[in-house]
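Enquirer: Residue strings, one per chain:
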Amino acid sequence: MDETVIQDRGISATFSRVPHSEPPHDGAIKGGVARSVKHDSAPRHVAGEAIYTDDIPELPGTLHLHLAMSAHAHAAILSMDLDAVRQAAGVVRVLTLDDIPGKNDYSPFFGDDPIFPEGLVQYVGQCLFAVAAESREAAFQAALLAKIEYAPLPAVLTVDEALAADLDLLPRHEMRLGDAAAAIDAAPHRLANTLHMGGQDHFYLEGQIAYAIPGEGDDMFVYSSTQHPSEVQHNVAKALGIADHSVTVEVRRMGGGFGGKESQPALMANVAALAARLTGRPAKLRLDRDDDMVMTGKRHDFRIDYAVGFDGDGRILGAEFDQAARCGYSADLSGGITDRAMFHADNAYDLQAARVTSRRMKTHTVSNTAFRGFGGPQGLLATERMMDEIAFGLGLDPFDVRRANYYPAEGGKVTPYHMEVTDSVILEMMDELAESSDYRARRRAIRAFNATSPILKKGIGVTPLKFGISFTTTHLNQAGALVHVYKDGSVHLNHGGTEMGQGLFIKVAQVVAEEFQIDLDRVKITATTTAKVPNTSATAASSGTDLNGMAAKNAAGAIKQRLIAFAAAKYSVPEEQVVFLPNRVRVGNEEIAFPDLVQEAYLNQVSLSAAGFYATPGIHYDRETASGRPFFYFAYGAAISEVVIDTLTGENRLVRADILHDVGRSLNPAIDLGQIEGGFIQGLGWLTTEELWWDKSGRLRTHAPSTYKIPTANDRPDDLRIELWDKGYNKVDSIYRSKAVGEPPLMLAISAFSALTDAVAAAGGYRVFPHLDAPATPERILMAVEDVKTRVRALES
Amino acid sequence: MSDAIRFLLGDRERVLRDVPPTLTVLEYLRRHERRTGTKEGCAEGDCGACTVVLQEPDGQGGLRRRAVNSCIQFVAVLDGRQLLTVEDLKAADGTLHPVQQAIVDRHGSQCGFCTPGFVMQLYSGWLGQDYSERPEVKNWIAGNLCRCTGYGPIIDAGLAALDAERPGTAETTALAERLEALGHGEMLHLAHDGPHGRQEWFAPRSVDELAAIYLAHPDAVLVAGATDVGLWVTKQHRHLATLIDVTRIPELAALRDTGNELAIGAGVTHSAAMEALSALHPDLGKLLTRFAAVQIRNAGTVGGNIANGSPIGDLPPALIALDARLQLRKGREQREIALENFFVAYGNQDRAPGEFVESVTVPKLRPNTRFACYKLSKRFDSDISAVMAAFSVTVEAGRIASARLAFGGMAATPKRAKAAETALMGSAFGLEAFEAAAVALAEDFQPLTDMRASAQYRLLAAQNLLRRFALENAPAGRPVATRVLEIAHG
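Going down the list, the sequences are from chains A and B.
Each residue of the first sequence is one higher than the last, beginning at 61 in this note's numbering.
Each residue of the second sequence is one higher than the last, beginning at 192 in this note's numbering.
Don't read these hints as lab results, they were simulated from the structure.
Computed footprint of chain B on chain A; a stretch qualifies when at least three of its residues, placed anywhere within it, have a C-beta under 8 Å from a C-beta of chain B: (1) 191 to 203; (2) 729 to 743.
Distance condition first, Cα-Cα at most 30 Å in a straight line; then the derived DSSO-like pairs of lysine-lysine: (3) B:281 - A:90; (4) A:584 - B:281; (5) A:207 - B:426; (6) B:281 - A:98; (7) A:791 - A:90; (8) B:555 - B:477; (9) A:756 - B:426; (10) A:473 - A:787; (11) B:521 - B:555.
Even for Gly, the Cβ is constructed at its ideal location relative to N, Cα and C.
Please take these sequences and the hints and turn them into a complete structure.
Expert: In structure tokens:
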């Protein structure tokens, strides 16, 4: 089968169309850019031959670690008697605070994540001490023998409790555009409401793991399942009190990350390295699924209060958003996450006047962390609810109300952080999707169905999406790559990005193959290691390909330039006459096979290795004035979802979704479609079945797949129509004019949440607007239906 | 008696002696065999990443096969069987199996960690021709979680591989014969001295043997599918001194249709019971497809679901509504009780030390009886019920003559709603009667709030299920659609 054609996903009504993917002409390289090349690891994935950290053969003498966890949400530790633990069978070493030679901290910035507590625990599951033993079971059994005396302290568990207690973890932030309050006051129509939304566990299939191998002197080698090897390296060095140069961190692949392996792996790596240092033996720490879910951070849950003024067409005149997030006990990445929630309060809409405030609340729960979208989804969700409510209030189609408010394609309008939006394509995309999905007719058909169906109600929802691409902490927008060309013309590729399944490695390899004009199989993809490319940023913020692709292109380009200079000199032709053709190079009138030119260059002492570097140009953000251009560009998407609910039980189903997504000029349409579908279904889980539930003592009670329900194959609608937008083109000079795709599609699932809200409204004959918080579990839907019915009865009496 | 586990790992014969009987198949594969293709995702049978396939002779020259979660299966399950893992699928020349190739071709792997489990689950279905339509594939893989792909490419791959040629009869017969030769027909008895003391495993071959051993070891843990006991080991880290495997006993695995009744041996798996229960009423079949996942239904048993006494087991309310009876045995003594009387209190059943459930007998529905069962959970597939309800209502001369309304998740045990039943008696079948029953239901139950649902939801939804039942069985008028799955799938 032609590799450029995505197979019909469409047994039943599903299909995906892949643009930008002309079949390769004769003689073209195999696997350049814009081709639907398969994931490089796919044949190994399916054969069980892809090696994850726990699959690496263990060295003789490897120790296994277990972390003991706090039983209290907030307590002083009066005493820890670990004698029995030390004496238990198989135990080699017990690790506590006193054993840490360096700094007792695994935080990314703030110094507030102790590896082992210093007299105080602040969430149920916080690491107390570690046991290194001959087996995992021995370590686990020994840890049970600890005698811990706690003095419990009052615990603040929820956003609302933290707001009531005025317990801010980080300084508040505010963005202002014009005078929103005055604009709302003067508007012909006004409304205000509140939305609570839950967090989300990453549920990467491979849990957190680190394997540390001590070397000579201070040297420490750590295999870590991490999106951020440089941070793990720095953390291990910090905890061991040694220089960064003594620590090497490597990761070939992760079994999923989704943001959960950005800051979190540092704890596992620190403890494993500490055990390895103290015992001189290799040490592995792999968290059990339940421990992983209890101990590690999740998506932030939010409360967002909004107020908006608008005219009779639903055109927004001013809007205010007060966002409050549950950060947990420590800062972690919460500052950036809550910032990004603010940056997305406008979504795709010109609000004209806006005030966005953010409070970052401290609670005695696990420290929440990065999760695909990084606050963006939460910011967007409240805004989309607001748009639905405006439309409802005016009796207009929510599609039209949104349409009246989009940032114009011609530019000239600015966001609440004063960045001009110059690349808005959302109106065109939404119009195309409405047409291709037959939106208007289906909306009418749903109303007709509901009129005759007393128990089951259908709903339809639309979501436009604009998502800012770049780390909003400007300096993180840099990347490095290392490319070697060997004498046989084969290429070794390394860069700072990590592979968690998203297809980054194959995309960057395609870029290098394209640059050298050699077949993709001549490019070797290699594990990410801090020893080859230093000081990298996390593979996060959807930026992996944008940054590392450019860095690798620059590295390959540098070698290519040397080859050009060499060939031009050697054959006495101008440099313009050295042209890289598929697997060969034309020099003047002669063609030389790529490996032959490489061999010649080697014999003539030309360097065939280069480091590449890239920093995103022209972006900045000033916190003082809450203004700037934090994003290089925006990615856009459009979604329309249809659902059905049962008003007796709250049971519900997504029956159809149509998605049109803008990935610019796709580097790999198959990989991009995979990101879109996977992100959408993950977002659907966040908004429907995935509920994190803590009991009153602060214990997370949904800490395994038995109680925490991510979508299954049956939750994916058969009728799921995903298309890449064929006009997609990045206006800025990104890698081959592509656009980032990792995070944005997750937010397209908000269309399903809007649809559920619409279906609940139907249960009250569209007389009152529903109160439906997220996730929309059967329980929340049923209670929202009851509430709607009660309010309608009140209206009638 | 045999003191060794004999099985085929792929095509290699293995003999295991002196291993801990509660060593899981997954640990055995990853640590003892260094077959690391099989992954641990949850160690509780809820994600499918560790799926492997077991094959055994079916006694008629063919093979029976099932996919199971290796994370909660103990190594003794391998005795006399063939264990196939993801490493076994490639051809000798390195060619991928059609199922593997289809996943590659359709971009069905991203991070790849769940992939070996999907490969094995699809492989078992491909081999057994267990699915041919899209909804069947989706049900087939509903116990395999993938966090990356959104499933579309995997579903497509499952369908795409269907046409590939399967092993011929000769090959199957040869393997069946090899496995027959491996089988010893004797009781397996394993003993192992570990750091926490001695562990013994008995796998009796007849009910009489079981009865005698259990009487001699009344503290032993009876293990069938290990879908619960497996977690005692992997999650609770309990030391189990004596275990008795009840899955090697033909009588316990028997299903008997006596015309008016269905007798289900305690060792009948949910997969094996599905056809017979569906025939009793389609709702029972639908319930079973939402009962955990294929891998769990292939291991878990009807007897286990009853005997563990869980307040949230899905079968007991359904069987109580059907007025099922339980046959118990201790030594040579047998007795029979109504299933509803088995559940005394939370964690307490009417079962003496050394006594075990032998079978459950389910009367068939009469023509004038209306029956339904409903399961409510956050997720449709592979989830534990927030509320499970089963209703059996008989109408005579236009009036409700008997009503059995049984619920799970509403109390500390599966329980009938006596006040609601009373409210129905003598009324005409219709919404009015069930409204009264719904009101009375509040006297029957004071449910708990937990992570699955609040007390308020449980009661309201349970009441609404009575209303749903009335609507679905309305004697006249237009049928009212009440089930989203039926609408959603057209």
